[in-house]
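Okay, here's what each chain looks like letter by letter:
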Amino acid sequence: MLELRLVQGSLLKKVLESIKDLVNDANFDCSATGFSLQAMDSSHVALVALLLRSEGFEHYRCDRNISMGMNLTNMAKMLKCAGNDDIITIKADDGSDTVTFMFESPTQDKIADFEMKLMDIDSEHLGIPEAEYHAIVRMPSAEFGRICKDLSSIGDTVVISVTKEGVKFSTRGDIGTANIVCRQNTTVDKPEEATVIEMNEPVSLTFALRYLNSFTKASPLSNTVTISLSSELPVVVEYKIAEMGYVRYYLAPKIEEDEEETKP
Amino acid sequence: MADIETLGIVDEIQALVSDKLQVVSYKWLSRNFLVSSNSAKRLLQEFVEKHGSGLEVVYSLSGWLKDSPSTYHIRLVSSANLSVVATIYQSSAGYFYAEAKKEFLDDCSVQVYSVQACIPKDPVALWNSEFVQAEELFRQSLSADNCLLDNRFCGVSNPFIMRNGGGTIPSTNAVPQVKSEASGLRKSNSTAQVKPEQKKVQLPSPSASVPSSHVVDAKSESRGTSGPEEGSKFVADKHKVAQLPPAKKAVQSEKSSKNGGALANMWGRVPTKPKVDIVSAATSDAIPNPVGLYLSLFGLVIEFALCFVSFVLGYELHLTDHFLSFGTYVYLGIAAQICTPEGVEDRISDDDDQQVSIRRTSNGEGNRKRRVIFDYSDEEDEFKDAVNLASPDPPKQKSILGSKQTPSTPELEKREVKKVKEAGSKSHEQETKEAGSKSHEQETFSKKSHEQETFSKRSHEQERKPLPTSEPKSSKLHSSEIISEHASLKNAAVKDEVTNAAPTSPKRRKVMKTRIDERGREVTEVVWEGEDTEIKADSNTMKKADNNPVNSTGDRAPMAKKSPALGSTAPTNQASKAGNKKTGNKDPKQGNILSFFKKKA
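Chains as they are written, first to last, in my numbering: chain A, 1 to 264; chain B, 1001 to 1601.
Just so you know, these hints were derived from the structure itself, not from any lab. Please note: incorrect hints may appear among the correct ones.
What the hints assert, rightly or not - A few chain A residues that face chain B, going by a derived Cβ cut-off under 10 Å, partial list only:
| # | residue |
| --- | --- |
| 1 | H44 |
| 2 | A46 |
| 3 | L47 |
| 4 | D109 |
| 5 | D156 |
| 6 | T157 |
| 7 | P202 |
| 8 | T206 |
| 9 | E232 |
| 10 | Y250 |
| 11 | P253 |
| 12 | K254 |
Positions of the beta carbon are idealized from the N, C-alpha and C atoms, including for glycine.
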């Protein structure tokens, strides 16, 4: 028996919007600690990891670990039927092949039940080791989204270089080149508008912009994004979900001819 | 003519010229695809504009000579002798390369005569294909519906020849006579006879020679009604033909009284008697020309005469490689409208006509080369050879014979026959493989010959096949024997076919499937039964390609062996494609997340 009651229903809607472009089908894993998902995109270049901790739910009941295979597009369709202020309850019976989404309006005068068929999905969980990153950049998610969007109109790939001066996003395309440098800036009124760079050593990596662009679909979830770079590791783009967890995207870098060290 | 259809034809021209290396002249095109000669010329022009690069184009220039303005000249000129081809057609007719042009007065027309991969060394090759085609048409019985006999597509009409779609033979006595002779005799004779008759009509019937303005009117009228109707009428016509055959056999010389009428509307009516006062040679697209004269007014040229003229033309080219002067006003189909000075028009007299016929006669007799070709193609098997030696058949081809059967039918059957025959003779080599499939092939063959009878009104060739011996099967076998004994090239081809036949498993058999396609034509395909329906068409064309002796060399055989497995190659490709989709889509530089994170146990 599974019953998860999430008062801030819009949050689940945003989560779905943030991952459904990257992944078609995925297993949602429910355990006592929380509601999580880990899935790779079809080309095995990017990985998305979602965690919604049990503490974030108003009511969290998960008798045993359960994995529910869902088509994310279909799930997003159902969640779109929920109002932004609705309370969403996810329910599933043991051994059932369906999951039920219940939407309650804030005033409790409207209750909707959506039952969705589950699917069997073969998915492999990857062990993601905790790692020290050479550079961690925290910046406004809107800013990051804007940069990725702008650069993708120029080129296909972006080189993210972190130095003491700041983080540089550069791309090259048929029509020309583009470089965007964001300097560290902590002297802002609102902390979420700050750009913070923690750097142990300079790092420069190349990524496919189309993946980064689909990562930025998570921008509504958080005002800030954290980009963690290490020359031997995939970049981690993390959007924190307030008081609940995170959506983390891992993206394998493109291998530069002159940068053998990017590959472990 | 519908654009879609002409588009298709342009594609086919491409296939013919580049794959079969055939000389595609407008006449051939007109008869083969059942379009008017003017449309054919337009199609060729369109083709040259689109795909002209890399191909050689022969233009026909026609006009009045500068040095002897009384003489109308028609001259075939290769594109090399014209100025840049593109500019000619951009700037419309009348723009010539100085050398060619300077001999003409200002007004002369340039039209594409033929398109070919290269200019043949022997100019005879220029009209070879159209001549062979014309012969085929001549050989057809008089009652057959035949675009040549009823002068259907020529831009020039002849009052003796009724243009109607229903296969009606004009009721005048003279014409059938001419035709019967034409079909049996050398054309030099027949043309010689035609001329006086035409003259005869022309003179006593001034009423038939309507003022040119009248003609123009008729033209514009018919133009208004042509277009979409045209295509449908052709189709209707073709259907009609399909129903004709039985009658054709029975009454060889009988004049059928069927009244087609469909084409008559399109082309305008040509009177059989002078008292009928509608004379129009209206072609669907002729450009009204105030001074322009229709050849119908001269009553000069009928379509089959054109063959001879063109022959003479080619002959002249061959001998002198130079300009031709007939000293006459022979209008090839080249000029539907001709800028004829009115004064000259009157001068076109009996003398000129006489001159023409004499000239033609002498040319026809004097041309040995032509005669050789004639005889050669008289042997239908040899002719078939020629067909077989050529490159893959164009995807869809309307019958040369103006009937609606696909020409590929007899050829395919022929191949089948050969195959069976070869299978028999080579069985000692391939006993093991052959044993099972041979009997099967025989069965298929018998089925085929039965089909042949069913579609008794096949093409003309088929019609003729029974002639040597009354039993079609044996005669065919005989012919294939001849073929296989003839040339080593052919043997290679046959070998190919044998290898095709050899791997025939009992599960898969070749069957002829006949269907009516969207354009109303009957399409007969040889398919491997038991395969996916989607690849049927493919296998058919591929098989044709395999049969192509041009490609067949010694090492071809093992490849050909695979061809029956076509069915399996297609799915393989699909599978690999699908496989690629998963992984192949990736940028080689793009790293894989799996190389960073290990799977959990």
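Per-residue hint verdict: K254 (chain A), partner chain B, C-beta under 10 Å
5 Å, holds
Does E232 (chain A) meet its interface restraint, that is, does its C-beta lie within less than 10 Å of any C-beta in chain B?
8 Å, holds
For the hint on Y250 (chain A), just tell me whether its beta-carbon gets within less than 10 Å of chain B.
6 Å, holds
Using Cβ atoms only, decide whether P202 (chain A) comes closer than 10 Å to chain B, and label the hint accordingly.
20 Å, violated
Hint check: is the beta carbon of T206 (chain A) less than 10 Å from a beta carbon of chain B?
8 Å, holds
Restraint check, 10 Å cut-off on beta carbons, for L47 (chain A) near chain B:
5 Å, holds
With a cut-off of 10 Å on the beta carbons, see whether H44 (chain A) makes it to chain B.
5 Å, holds
Does the interface hint hold: is P253 (chain A) within less than 10 Å of chain B, judged Cβ to Cβ?
5 Å, holds
Given a cut of 10 Å on the nearest C-beta pair, is the interface hint for D109 (chain A) held or broken against chain B?
46 Å, violated
Holds or violated: is there a CB of chain B closer than 10 Å to the CB of D156 (chain A)?
8 Å, holds
Is the interface hint for T157 (chain A) satisfied, with its Cβ closer than 10 Å to some Cβ of chain B?
9 Å, holds
Have a go at the A46 (chain A) hint: is there a Cβ in chain B nearer than 10 Å to its own Cβ?
6 Å, holds
Hints 4, 7 from the earlier list are contradicted by this structure; the remaining hints agree with it.
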